[in-house]
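There are 4 protein chains.
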Amino acid sequence: MSQSVGFIGLGSMGQPMVRNLLKAGYHVKVYNRSESRASALVDVGAIAVSSPAEVVEVDGMVVTMVSNDAALEDVTLGAQGLLERLGSGGIHISMSTVSPDLAYKLAELHKQRGSSYIAAPVFGRPQSAAAAQLKICVAGSSIAKERTQPVLQALGQPFDFGEQPKQANVIKLCGNFMIISAIEAMGEALTLVEKNGMDRSAVMSLFTQTLFACPIYQTYGPLIAEQRFTPPGFQLQWGLKDINFFLDNASQVYAPLPLAHLVQNRLLSSVAKGRGESDLSRLTQAISEDAGLEVVP
Amino acid sequence: MSQSVGFIGLGSMGQPMVRNLLKAGYHVKVYNRSESRASALVDVGAIAVSSPAEVVEVDGMVVTMVSNDAALEDVTLGAQGLLERLGSGGIHISMSTVSPDLAYKLAELHKQRGSSYIAAPVFGRPQSAAAAQLKICVAGSSIAKERTQPVLQALGQPFDFGEQPKQANVIKLCGNFMIISAIEAMGEALTLVEKNGMDRSAVMSLFTQTLFACPIYQTYGPLIAEQRFTPPGFQLQWGLKDINFFLDNASQVYAPLPLAHLVQNRLLSSVAKGRGESDLSRLTQAISEDAGLEVVP
Amino acid sequence: MSQSVGFIGLGSMGQPMVRNLLKAGYHVKVYNRSESRASALVDVGAIAVSSPAEVVEVDGMVVTMVSNDAALEDVTLGAQGLLERLGSGGIHISMSTVSPDLAYKLAELHKQRGSSYIAAPVFGRPQSAAAAQLKICVAGSSIAKERTQPVLQALGQPFDFGEQPKQANVIKLCGNFMIISAIEAMGEALTLVEKNGMDRSAVMSLFTQTLFACPIYQTYGPLIAEQRFTPPGFQLQWGLKDINFFLDNASQVYAPLPLAHLVQNRLLSSVAKGRGESDLSRLTQAISEDAGLEVVP
Amino acid sequence: MSQSVGFIGLGSMGQPMVRNLLKAGYHVKVYNRSESRASALVDVGAIAVSSPAEVVEVDGMVVTMVSNDAALEDVTLGAQGLLERLGSGGIHISMSTVSPDLAYKLAELHKQRGSSYIAAPVFGRPQSAAAAQLKICVAGSSIAKERTQPVLQALGQPFDFGEQPKQANVIKLCGNFMIISAIEAMGEALTLVEKNGMDRSAVMSLFTQTLFACPIYQTYGPLIAEQRFTPPGFQLQWGLKDINFFLDNASQVYAPLPLAHLVQNRLLSSVAKGRGESDLSRLTQAISEDAGLEVVP
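Chains A, B, C and D are the protein sequences, given in the same order.
Going left to right, the first sequence walks through residues 1 to 297 as the UniProt record's numbering numbers them.
Going left to right, the second sequence walks through residues 1 to 297 as the UniProt record's numbering numbers them.
Going left to right, the third sequence walks through residues 1 to 297 as the UniProt record's numbering numbers them.
Going left to right, the fourth sequence walks through residues 1 to 297 as the UniProt record's numbering numbers them.
These aren't lab readings, by the way, just hints derived from the structure by calculation.
Misleading hints may appear alongside valid ones.
The list cannot tell twin chains apart, which means a pair is met if one copy fits it or any two copies do.
As the list claims (entries may be wrong) - The list that follows gives simulated cross-link-like pairs (lysine to aspartate or glutamate, EDC-like), each with its CA atoms no further than 20 Å apart: (1) K273 x E294; (2) K273 x E289; (3) K273 x D248; (4) K29 x E84; (5) K23 x D43; (6) K241 x D69; (7) K273 x E194; (8) K29 x D43; (9) K273 x E57.
Work the whole structure out from these sequences, hints included.
Set out below in structure tokens:
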């Protein structure tokens, strides 16, 4: 007998994730705000419903993978939200990148109703999702985590970070901060390289083959070297949103983090210049411009 | 018939490098300021001499691997320096991390005498040197570079960056800047992790297995997570020296690089607090302290 | 016939302000959370009441001078708050340093009820308040501003900044930002002075007599030079609160302001080290410490 | 019997200074690299000579007021320089803004020859020079300082900072750092003001009348508010030169000064964008641009 999972949010990440759940043998009820997104999944076996609440089975599990705090609040707490339907014993596996504060709030609300909130934000772009190779930071009650293991393993590799949901979100934000910092560092180094009359790509290639032979540098290094900022893999404005959450948390715990402030500034400026929908790597354009270099992306 | 190479500078890097040259079949004359350093190498076939000039063979090649600008000037331009002895046709393979300005100056002086100056600074710690896996940034005249290929390949992997020696040094400094920036980023992320009550090592372990699964993060990540700052693999004060060179160059070409300034400040403060001889990773101690955390390294 | 004014908030600023209103001939009803604060004012003619609502006269004016956003919300929107009592025609003269967001929210709520919200935050310490020399940034509806003129003139010098209340609060935050920036600048300059073996006070004295012969430098310069951080004239943690509001606003309008981030960091670190209740000038202690200097305040 | 003084450097500062010395009754021999500058002064009594050395009288005093380190080295140490001519008992009153390192070097060279080097850099623009109201930071041997008192008093107001000449130069750099920091702070505040839809000049006017009613804010505030960056009162590139000296000194004494780094970056970027010859206040243009605002100076 196969198990059921609800799934809310059918964007570029959600689509391949649902496919992996279907492949793993789950019955999947899906919901997306704009319904057209569901049709390709229906063709391969998913069942489309017309409200968040309807994806919920009695005592069931629901994965949410939506774009921001507002969307998660909407599908959870809204009139047709999943919270009230989930019931005692239900589990909300929340995989979106949202603020630790929202994670905390939703976890409390679930607890009051006898259901569980598992924070499970992920690292990985759509192709990692398709390959079921997402890196998943998981936090929440042990019993609920155990039940969700097979679901998460169908989607990628879970890493367990304890019982407090919001902590998984802090870790996710730390990762994004480290990514953005690496981009700033690459951008500054290549600006100096260019000002010294050298070839940006040749130098970056050395680093991504040796000291920094890892996914983040190998993904972003060539984009920055060639100043190829479209199409966006991850929009710059989403990076700003995450750094804002990161620094909100830092402010709450009194942690002065100057590099985080530096990149927040860089992102703010990029958005102010109308670059928010470009790829995150475009934050490096301002480094070049500040050095008097022209950039023709 | 085997070839000769002179080698000046028998520190923790020079020692294994000379061994690799001997293994590759070179006759190696060695010089070090404090002579005791030479004895172990003499046991395995090196010939110790008592001045920089004496390592030079007619028309020969000399590798220098010394600790800073002053030492390189001394062995090259001093009374018993190699410059005047090298003669037309000789090649100085300069592998130390020195300032681009010194590289430029020495390259000009060699050119005036008909000899060649090849800048060949390296990435890698002593164990990479022992494994002949140094990553070598090479720049200088094409003809001289061709002759030095076998020597460099006995020491590691050369990457060619054109004809102007000082450019190899700029790249080396860019690499060190990127390393130090990564350390700052890791330090800030882990400070937030600790202030949120989570385990530093568990979080760093996630990152070094996934997004940042590369030598720099895997080397420094655990040191920073565990705040294990001795023994020094690379002294913090050397990092400051390199960032100073990096920013001198940036100033000359009018490149404003705020992250470089941020880490310069961090290193300056660390030296001011008496931490200059600790490992470079100790720059992260101040991040913790600024957040009111106690550090017991 | 003399006019009535309500006054809420009898701290070190409110006390002398009420005295000035009494001197100017107003009937003043006063309220403070801890009632003991009212007694000295009752001796000179004020009438103490026991809830915020009770200070309100029909069609009257009420001044609020409380310590933060929460306190202002409480006295305005709470069960015994002034909002519902103020009635059509009433005017709330809000002189506390609060967030522009709260000013906006309260202005809207008043407008819906037919009353007016005048933002009138001030520059000046208690002795300026006593001397009726507060500098007052005023914004709100023209008609209401006209009616409040005599009240404000009894308290100091009003400067008119238009019709939108929250703008007066932005200006107040700009002033505090400039003050804190000046403190950081003085602290850095004097740290260099001390590291060069010179006398901090002698150098500061030159500047406060010449280039910077103005209240902010003359007030803070000697405190910083002598590292005299108690008693607090203005608590450091209040400065952090204001910089947080300043940067919230900057974030909303996409203005990257690196100096503001720098001082936010400095203040965060100072609070993390337990210095939040010291004088604002104590943020400079960390500048000395970062340079390896010991500070014995 | 009137006394003689030599004077080297007849720029916009030197011109009115020589006039004041003539008014005070001194015989003044003047030298300037481009001789045309001398003619107006000859009309009012100065004697023009054709080399630095010729301004020197036996046992005399010479004032230098030139544009940078190179110029001061040239007139002092060059073939026709004043050093060798000054002789035992002579005094070099060095009023240019130069590096502490050069001050130290020249002071040593004078001492070896029995002459004295008094560092006496000034605060004040040409109109302060004309009004004999320069603020002069003086350091050097007590005996020499005493002899120079009347000369300095004819030019402005001397402030004594001890016996080591270079310390006066450090103080001068501290002052310039504080000026540039104040400009950055004003620029950031007004950028926020503008982004909130308010009038820059109205807000600046409040501050320069109250909290910051002093020469620096009153001079630069309106220029920044109106973005009126020409003609240059003090060129932006000279500000960069001074901040570079300031940070060189900070580096030597291990003082991490983040605000100084921030403004160095801002100035570097401004020069990279071709704004080096505009007024110093133009560094604020980049603050506006970073916030996406257009600036039409």
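Quick rundown of the hints versus the structure:
For the identical chains of this complex, K273 and E294 are neighbours both inside a copy (15 Å) and across copies (10 Å), given an alpha-carbon limit of 20 Å. For the identical chains of this complex, K273 and E289 are neighbours both inside a copy (12 Å) and across copies (8 Å), given an alpha-carbon limit of 20 Å. In this homomeric assembly, K273 and D248 come within 20 Å of each other (Cα to Cα) only across copies, at 19 Å, whereas the closest approach inside a single copy is 23 Å. With identical chains, the CA atoms of K29 and E84 are at most 20 Å apart within one copy only, with a shortest distance of 17 Å there and 49 Å across copies.
Within a single copy, K23 and D43 get their C-alpha atoms as close as 13 Å, which meets the 20 Å cut-off; across copies the closest is 65 Å, which misses it. Only within a single protomer do K241 and D69 lie at most 20 Å apart by alpha-carbon distance; the minimum there is 10 Å, versus 25 Å between protomers. Taking the closest pair of Cα atoms, K273 and E194 come within 20 Å of each other only across two copies (16 Å); inside a single copy the shortest separation is 23 Å, beyond that limit. Taking CA atoms no more than 20 Å apart as the test, K29 paired with D43 passes inside one copy only; the shortest distance there is 13 Å, against 73 Å between copies.
In this assembly of identical chains, the alpha carbons of K273 and E57 never lie at most 20 Å apart, being 46 Å within a copy and 50 Å across copies at closest.
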